[in-house]
Amino acid sequence: MARYESLLDAVGGTPLVGLPRLSPSPDVRLWAKLEDRNPTGSIKDRPVLAMIEEAERSGALTPGCTILEPTSGNTGIALAMAAKLKGYGLVCVMPENTSAERKQLLQAYGARIVFSPAAGGSNQAVARAKELAEQNPDWVMLYQYGNAANAGAHYSGTGPELLKDLPTITHFVAGLGTTGTLVGTGRYLREHKPDVQVVAAEPRYGELVYGLRNLDEGFVPELYDETVLTGRYSVGSYDALRRTRQLLEVEGIFAGISTGAILHAALAVAEKAVARGEAADIAFVVADAGWKYLSTGAYAGTLDEASARLDGHLWA
Amino acid sequence: MAVTVSIPTILRTHTGGQKSVEAKGSTLAEVIEDLEANHGGLKARLVKEGSLHRFVNVYVNDEDVRFAGGLEAAVKDGDTVTILPAVAGG
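Chains F and G are the protein sequences, given in the same order. Here full-length UniProt numbering is used: the first residue of the first sequence is 1, the next is one more, and so on. Here full-length UniProt numbering is used: the first residue of the second sequence is 1, the next is one more, and so on.
Certain hints may be false.
[Stated by the list, open to error] Partial pick of chain F residues on the chain G-facing surface, computed with a CB cut under 10 Å:
hint, residue
1, Ala200
2, Leu212
3, Gly218
4, Gly231
5, His264
6, Ala265
Rather than coming from a laboratory, the hints here were simulated on the basis of the structure. In this text, a Cβ means the ideal position worked out from N, Cα and C, and glycines have one as well.
Between the sequences and the hints, there should be enough to build the whole structure, so can you do that?
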């Protein structure tokens, strides 16, 4: 179906595209789920719409309310669009080391941004948002890290779409942030095909982002369910950029940097299948397109230069 | 069996500020024992009640050890072991 009553109705139903040039063999195939085809250009439209609708159903969110959320970007942009169409205010708490495009997009939608310190990454944004929630009890924090509707959107959307389009799926690879995509999609897939491998690609940032004062400031999202996953890779900015460029050069897909990290893990999984002589249908997520990262220089100059420029930035 | 262990900023007080150190062992547990012998105090920061600290992630060649046997995960000569605190994404 290509006709929708409004932009909000056009969330999900994204294409799954084969990658014949990147796939290592006819028996080990890679498939890209193009989540940049959502209304605000990222996979986050799915959880955001689900969290808002659930809050409306429960009565937590009523007309004229202000929504508060810690986000490094895409969730905020999705929220800003939905809040605009549904008549809510929006305050985003965002680490100061995210790309200029994200800030500009949020401002264009009329969202208010509260910046949190770069050191400590999104941990600090989460902590700041929790403080603001206490100080402003009438604001509604959807809290993507612990909101069951986040994983639920993938359990009822992303998972069934993948299984329908690729019944032979053997592996699902996605980025690990709130953990909602992996936990929700992975749970659905494994309930229907218990042998499906669910593999996380986690961004490894520059040291600044890990600048916690002590280990007890660490953070594991409440949604995280380790039992759904079968593997987890840590991918640095150099490899993420290398794969982002490779995806563009070889298959023509202009993706954001986190997708490069996901592709890196998907290719590692593919190589293992080839080495074992096993057939595999590996689906991975293209979380967003590259537009929002042009100002970071990710697509220009040498990989070493681009990687150095990204050091200290949150690119996923 | 020498491996290179990458130490996060927050734990470098135990390594005299060194970003990476060498260690020996054929499992992660043995590597951590060897680290403790040369850089006292590290083990208590990494291991709580017989398993990895909840907010510590350890990767052998970029793969999370929690999916490869945890403390019993195999390491071999030349591997890179990366220790990182758990931080939020999204």
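How the hints compare with the structure:
Look at alanine 200 of chain F: its Cβ gets to within about 8 Å of chain G, closer than 10 Å, so that hint holds up. Because the smallest distance between the Cβ of leucine 212 of chain F and any Cβ of chain G comes to about 5 Å, under 10 Å, the interface hint for this residue holds. About 3 Å separates the beta-carbon of glycine 218 of chain F from the nearest beta-carbon of chain G, less than 10 Å, and the hint is met. Taking 10 Å as the C-beta contact cut-off toward chain G, the hint placing glycine 231 of chain F at the interface holds, the least distance being around 5 Å.
Residue-level restraint check for histidine 264 of chain F holds (minimum Cβ-Cβ distance to chain G is 9 Å; threshold 10 Å). For alanine 265 of chain F, the shortest C-beta to C-beta distance to chain G is roughly 9 Å, which falls under 10 Å, so the interface hint holds.
Of the numbered hints listed earlier, not one is contradicted by the structure.
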